[in-house]
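Trainee: So the chains spell out like this:
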Amino acid sequence: MKNHLSRCVCLFLMIWMVSTLNAPSFIYAQTPKAEAPKADEEACSVCHKYPGLARIDTQTGQSRLFYVNQNIYTNSVHGKVLCRNCHLNLDVIPHTDAKKVDCSTKCHIKEPSTDKEFSHGGIYAEFNVSIHGLYTPEMTKKCTEDLPRCTDCHVNAVYQPVTDLTTMQAGISQDALRRCLGCHENKEWSNRFYQHFAHRMHRSKTAVQTVKLCLECHKDEKKMARHGLIATSNYKDTFHWKGVLYGDPNMPDCLSCHAPVGYTVHSMKAGIDPASPVHKNNLQRTCANMEGTQECHPKATEQFATGQIHPTGTGFEKSITAYVEGEATLQDIEGLKQERRFRDLSAITAEDADVSKLTDQELFHRKVYMIVKYVYTLLITVVIGGMLIHQIFDFTRILINRSRHK
Amino acid sequence: MDSDKIIGKNGETMHNNDNLPKEIERLNASERLQHIITFVTFFILVITGYMLKMPEAWILKLGPYGNLIFEYRGLVHRIAGVIMMVGALDHVRYLIFTKPGRSFMFDMIPTLKDATDAIHNLAYYFGQRPEPPEFERFDYREKAEYLALVAGTIIISVTGIFLWSEVYWSKFVLDLSILIHGMEACLATMAIIVWHFYQVHFKPGQFPMSRVWIDGKMSNHHLKIEHGAMYNRLVAEGKLAPVDEHEHHGHGGHKTAGSVIFEFLTYCSILFFIGVMFMLGKLLYFPTTYTAKATTAPSNGFDKLVRTQETKYRGHFHNIDDSIHLKIANVQFCVTCHGTLPHSKAPDIRSFLNMHSYFMACEVCHIREENVAGKFNYVWFDNMTDQRIDKIDGNNGVYGARLIPVLVSDTSGGTSEIRRMDVAEDPNFIKSFLAQKDILTPEEQGKAKVIIHKSMAKKPVQCTECHSSKQPYIDLARVGYPSKRAESLYRTEVADMINRYMQFYLPTMFDPDLMKKQKMDELKMENRSTE
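Chains as they are written, first to last, in my numbering: chain A, 1 to 406; chain B, 1 to 531.
Bound conformation, chain B alone (with noise of 0.2 angstroms):
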């Protein structure tokens, strides 16, 4: 008994047998919908279900449309699993009530002559046998992957329902059930892509697609090839004409635009399930653990955007914001060695030293203008361009732009030369020493180190040499502080501060490590923390 109706072209002329059709109907119409159906929902569950397993990155940057997204998934997916068990209601009622359901079903049912066909046609693939073996309507892949689906779909269902009602169930059944949903799911996807998506579109002669999910046609020359014994049975009843051998059986000579296209997207299709393929197997072989140390921090900054509060320094209690961050594009040797904090000997200055350094070079103090031949200017220059800039703006010492003494020396024929005395004179010399420093003695290290910080000042200039109104060292104003500001430092606010601090501590402001060794001896009396 067979269901395929046969129907013939009106109106062509045919070589021989001019009464019979050239093609079956491989699927009627409602099993086109079915299959449209299932592959439509088959997608949308594949996606809203894989969208819980997507590495968190990427969850991350959907930022404020996430929890949209999410919202919609759940219904989506539910919506498309109701509409996918009930089109799989549907088709038991098509196989038992219908009558081309019920020769579908039987077709589809098993037999021994399976099991044969599939060693044979192996054994075809290795060239043991000159001819595959010659199927019925359905061979043995496509009764297996039908087999699986049913199976798939019993399995996926009703772990489905039982996790859409949840509260009815002990965690130990939902526990499986979320298990082995995604396991079948898994399963599954892997087996379209590498079963049926193969046999429809990538194989050759099939590629980029078989048709007949849309116009349900089969040619009797690809009957015969795929199906040779279904063949030879409706040419022997009469219902075929058989396969002219002369006519030209070919996919159409010429290629259009569209289909250069399709067939483009066809290897691109190819690519990507490649990758899906690669995505799912890391997931089922190598799942993310989230025990190891340092995994759980997204990294890409979901902070920055959702809100600008957490752009600012993470866990400090005053919400410290990003300009402690001090950015130079090029750092010069001195803080690749000492680092942005680099004093640490005076206890009650170190950090007044340190947030110099952030706006200016370390030789505006550590080199003293007496010791250098030639006249020295102080001037800003952008840490990111390393541009001279004349006017600085922000305050607190955020200027993006550090102070940077140049040596102006004059040279013959009156043109005055510039050099930024924050540039080491021979950087050679301190690169080869930071790369042997290791295997020098300590002598050796210690000559090296002198030679390096030849120029530097024993004494560097004092809080006092520029915080005071009778003749700075720098001349603030000159240098570009607004002359308010520039007051403030010499004389009120700043200097004010400074002076405070020398009520207390004027014996030993002007001297750091006596500082430092009396300030120890104090804590160590007290029996306090010298730090």
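So here's chain A without its partners, still in its complex pose (with noise of 0.2 angstroms):
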């Protein structure tokens, strides 16, 4: 505990010291124009430049840009490495032979701390063998295609470092950077250097935007059913999702419990794979997340740490199942929904529970919730009608009265 608030203290300090009374400036302006052409030491801007170089793929029918915002692209994060350093295969005109980015690929940067060339690579094995990723020993995976590559959650990101700590807002804190310019005289330099360090120090997205990325695919009922799995429904339902939506920085977004420290984002594992933060061996320690920034539940108990957040065993486990043999298809599962909407007390049986993996406990909550939630919603329809109707009558009594009495 006082480890960690001592953490904290530091982190807040070193903010402080970087931030600044300055007014936050936008970090295009922070970069004159005439300094953008520098990494652009190949030219390519020449064409890329233009926002209109784009054409559309006759066979897939999207468009594929080919333009490069120069002001952007060197104030992000890769502003220092040259354009053929990823995109290989550029040597001719026109790029005929241009290959795919590669991620993991060997980088012409060093690294500083090995002196050697930097890499992704490293990251990408880790991330090969997650949950995400497309290796498994027997490389069963299926349909691949749905697996999403670097590049479906990152993008080159533009530098946005800390100025305040109360807005966030991106910009140079230059009474920090005069610091730096004390002894370091290059002022590009410098400039990279203070930013590389400070834009590590709040998120490349906001909760939303996270939640918003992990439900492009896992709120897509077809993707996930080709995967055995189900769409994540309840999420939104969540106090967790309000206070996202609120913007409270911190409330839990998927990651705060897929992946929170001690764990990182490229390995997420199965909840079933007792590697995972979300198995239920270390459930208890997730939700307390002791070693967060936050403290979610310091005091959570075993039994608080116990259910599945993301309720299944709803009945469809099956026809998903069908589905990916193949036997059903999404109209079915549809359909299925469709009609259980109000009969989903006699949805769940014990059929089911075999194939949605729920315990007779939980099954029996299940059921105990159902009935709860389906009693109030007939009480309440029959108090508040009930009422509704006498309150008519009432008023058109009176009013009857009152045409009489004139």
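Do not rely on the hints blindly, as some may be mistaken.
[What the hints assert, rightly or not] Computed Cβ-Cβ distance ranges for the label pairs, DEER-style:
no.	chain 1	residue 1	chain 2	residue 2	range
1	A	238	B	263	40 to 48 angstroms
2	B	86	A	379	44 to 52 angstroms
3	B	102	A	291	32 to 40 angstroms
4	B	76	A	42	43 to 51 angstroms
5	B	82	A	389	35 to 43 angstroms
6	A	42	B	449	13 to 21 angstroms
7	B	76	A	295	19 to 27 angstroms
[Said to hold, decoys possible] Here are the computed lysine to aspartate or glutamate pairs in the EDC-like style, where the Cα-Cα straight-line distance is at most 20 angstroms:
no.	chain 1	residue 1	chain 2	residue 2
8	B	53	A	237
9	B	53	A	248
10	A	242	B	71
11	A	242	B	166
12	A	299	B	166
[Unchecked claim] Some chain A residues flagged as far from chain B (calculated, every beta-carbon gap over 10 angstroms):
no.	residue
13	111
14	116
15	126
16	144
17	157
18	181
19	189
20	263
21	282
22	290
The hints are simulated quantities; they were obtained by calculation from the structure and are not laboratory data.
C-beta atoms are modelled at their ideal positions from N, C-alpha and C, and glycine is treated no differently.
Take each chain as given, in its own frame, and dock them per the hints.
Mentor: Spelled out as structure tokens, the structure:
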């Protein structure tokens, strides 16, 4: 606890130090236009600076954009990397031999801590064996085109250094930079190094963006069904999501539970894997989140960390399995859902429970929940409906009496 | 035993029963205070509670203030909850340990008479009985409401405490608590609107508001109508003046400006509460489901509110900015059919050709000056206003304007007429073609297309015809480019680029079709994708 506190204080002080009274200024303003072409020593921008440089892919019908905004690029995390370092085989013009960018290749930038060539290869290898990666010992992953690639989640992030702790607006603290410039005379280098450091002091995506990103795939029932999964349906019903929606920076998005401190996004595991933070043995720790910037449920009891926060066992598992086996169509699932919307109670049977891996107790809980829900809905309908009718009669009687009076 | 204190009105002259009061104290000070505490906390709890159930788009509109609001929402909800619970406990104390409290409790106990009263009252509504039943101090409506309040307070407090002390409970208990807390809140809010507000605000005779909750007093006239049994008893006991039938018992004949405003506000509140009922009903019976494919993305631009980066082209690795979207107010027919990225045939140069269509009309290249009788001028037109402009701002082709050839034909009298070449000569023909396209045979379609494209050059203007210092097709400096830029387009930067291109692909450069064929063959031979 004390350790944690001191770490918080440290971070706070650090951010405070870099923060400044200067009005936050936008990043683009920081780099004069004349500096921009420096990174472009290959003169790629001669052509690629035109927003119109694009075409429609005649096979897929999608537009392919070849425009790169130089100002954005030079202020991005890759701003010092030459185009050809990532886009290999660009030796001829027009670029008929260009290969798709492979993020795991070695880069020609030296990593200063090891003095070796930098590469995302390590993290890619880690990712590759995760639940989202291609590799399994048996290489049995189905529908590999559904799996996310690096660029599905990552863009070439524009530097967003911290200037102000409370507003978290992007910009450069000239006041902090001034201290660097005392010794490091190269202004451009100092600027970049400062941003390199400060950029990482806050999250690159807001929680809403993270949720949006994950849901892009995980809300897609068809896609999930291909992998024997159920589309995530209920996160948005939780208090967690409401907080995220209101913009509370400490409310958990998907990654807060699925990749908390001690785990990385790139090595996401299935929930049944003991190495997963949401495995039932690790849940209590994950809910407590003692190492995080924000302790979430520090007093979480063992009991609290039970149960499934994304409930399964709604009786659709069977249809989904059938769909994966090719025996049912999505329309069947949709139809079943419509049909069961008001009949959830009867829908849960022991048979379904086998498929959905619910224990007897969980099944009982679900049934109780459903009964309470339906009884209450019925109660509200009867009570409020009855009241409404009563008052309407009262009202008409008064009107009738008044008209007779006159 | 009756706790309602009877107070007299001093200094008023009365026709008879001079010493008897004309009104009773229906709610004493303690009860009025309890009522105020209950309704204030109730509204705070309803508002802060339903803030979690608001439509997402509303929440997103809060933008940067959302976080602060969310923080205080939780705090205020808890404070109000605690006050409500303390108030409820105090009410229990009041019921047991004070004399008026005990009287209140005994009068509130449901009896058989309430059941028969309810039936008789309904019969009266239906015209089966001439008069409504005579009620005692609390009628069946008030008893039902009070008991519902007691039950609701217990349920909502218990579940609220469960949720507050979440870490000690299992998820099952918490799930149930959330469900019941929400359902009970829904029931209570709707009941208050339909049952209580009607009774004390909207009901004719009470409208716009019963004042009992403020001064606690009820006139004998009012008491006789609403609580006949109690009125009779008090009059018989000689504690209340009987109603003087000759006296006028209206709600003050004259209307002040304040009362008019208050009435108007009450009418507004009726509309408002109908809206609230509608929302609650939707929430109850048709909750938003988030499994649907396209509903999750907040469409109204949280992105724009928060960070500049988010206005960029989403999902593209290089954070493409908005300039790729060409905005034209009046789209010509070329774009309607061919799109803003029309070139796709020549693999090597199609993107370059597309790039030009961002700042020039198709007709610049596709109608050759020598094929048209008359003189061409190349003029910039603003994309949005279609106004002719002399100077272009911006760079990299993003000028907000496009270069369009205009035909200057001399008419008699020395005046010249200007015609924009990108405007179709016969738009009605194209329109009717587009409308009937699907029912035309391929031959007919072909013929129509020939007519539509009749002014188009067979061989459009080629790259080097403009990007060359030897007699360029268009005088770029005259058109409006700064001389330096024009120079670069003729010679240095761009022309040099094209030269490099030419060195690689010279033989086919001037014939896109031939070039494409060669390229495809080449790709096929190497077993590569032809894309």
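Trainee: Confirm or reject each hint.
Mentor: Results for each hint:
Restraint check, residue 238 of chain A to residue 263 of chain B: a C-beta distance of roughly 44 angstroms satisfies the suggested window 40 to 48 angstroms. Between residue 86 of chain B and residue 379 of chain A the Cβ separation comes to about 28 angstroms, which falls outside the hinted range of 44 to 52 angstroms. Our hint of 32 to 40 angstroms for residue 102 of chain B and residue 291 of chain A is violated, since their Cβ atoms are close to 57 angstroms apart. Evaluation of the 43 to 51 angstroms hint for residue 76 of chain B and residue 42 of chain A yields a failure: the beta carbon distance comes to about 59 angstroms.
As the Cβ distance of residue 82 of chain B to residue 389 of chain A is approximately 37 angstroms, the hint placing it in 35 to 43 angstroms holds. Judged by the Cβ atoms, the range 13 to 21 angstroms given for residue 42 of chain A and residue 449 of chain B is violated: they are separated by roughly 43 angstroms. Our hint of 19 to 27 angstroms for residue 76 of chain B and residue 295 of chain A holds, since their Cβ atoms are close to 23 angstroms apart. Only pairs whose Cα atoms come within 20 angstroms are accepted, and residue 53 of chain B paired with residue 237 of chain A is accepted, the gap being roughly 9 angstroms.
Distance check on the hinted pair: residue 53 of chain B and residue 248 of chain A sit about 16 angstroms apart at the alpha-carbon level, within 20 angstroms; holds. Restraint check: the Cα-Cα separation between residue 242 of chain A and residue 71 of chain B comes to about 12 angstroms, which is no more than 20 angstroms; the hinted pair holds. Annotation: proposed proximity of residue 242 of chain A to residue 166 of chain B holds, straight-line Cα distance about 17 angstroms (limit 20 angstroms). In summary, the hint linking residue 299 of chain A to residue 166 of chain B is supported, as the alpha carbons are separated by about 9 angstroms, within the 20 angstroms threshold.
Consistency note on residue 111 of chain A: stated as away from chain B, and its beta-carbon is indeed over 10 angstroms from all of that chain's, at 22 angstroms minimum. Distance check on residue 116 of chain A: its Cβ is at least 25 angstroms (rounded) from any Cβ of chain B, clearing the 10 angstroms threshold; non-interface status holds. For residue 126 of chain A, the non-interface assignment is confirmed: its Cβ lies about 21 angstroms from the closest Cβ of chain B, beyond the 10 angstroms cut-off. The claim that residue 144 of chain A is not at the interface with chain B holds, since no C-beta of that chain comes within 10 angstroms of its own (minimum 18 angstroms).
Non-interface status of residue 157 of chain A relative to chain B is broken: a Cβ of that chain comes within 10 angstroms, the nearest being about 8 angstroms off. Taking the minimum C-beta to C-beta distance to chain B, about 26 angstroms, the non-interface status of residue 181 of chain A holds against the 10 angstroms cut. No Cβ of chain B approaches the Cβ of residue 189 of chain A within 10 angstroms, the least distance being about 23 angstroms, so the stated non-interface status holds. Its beta-carbon lying about 22 angstroms from the closest one in chain B, residue 263 of chain A satisfies the requirement of being farther than 10 angstroms from that chain.
With a least CB separation of 16 angstroms from chain B, residue 282 of chain A remains clear of the 10 angstroms interface cut-off, as annotated. No Cβ of chain B comes within 10 angstroms of the Cβ of residue 290 of chain A; the nearest lies about 13 angstroms off, and the non-interface call holds.
In this structure, the earlier hints numbered 2, 3, 4, 6, 17 are contradicted, and the remaining ones agree with it.
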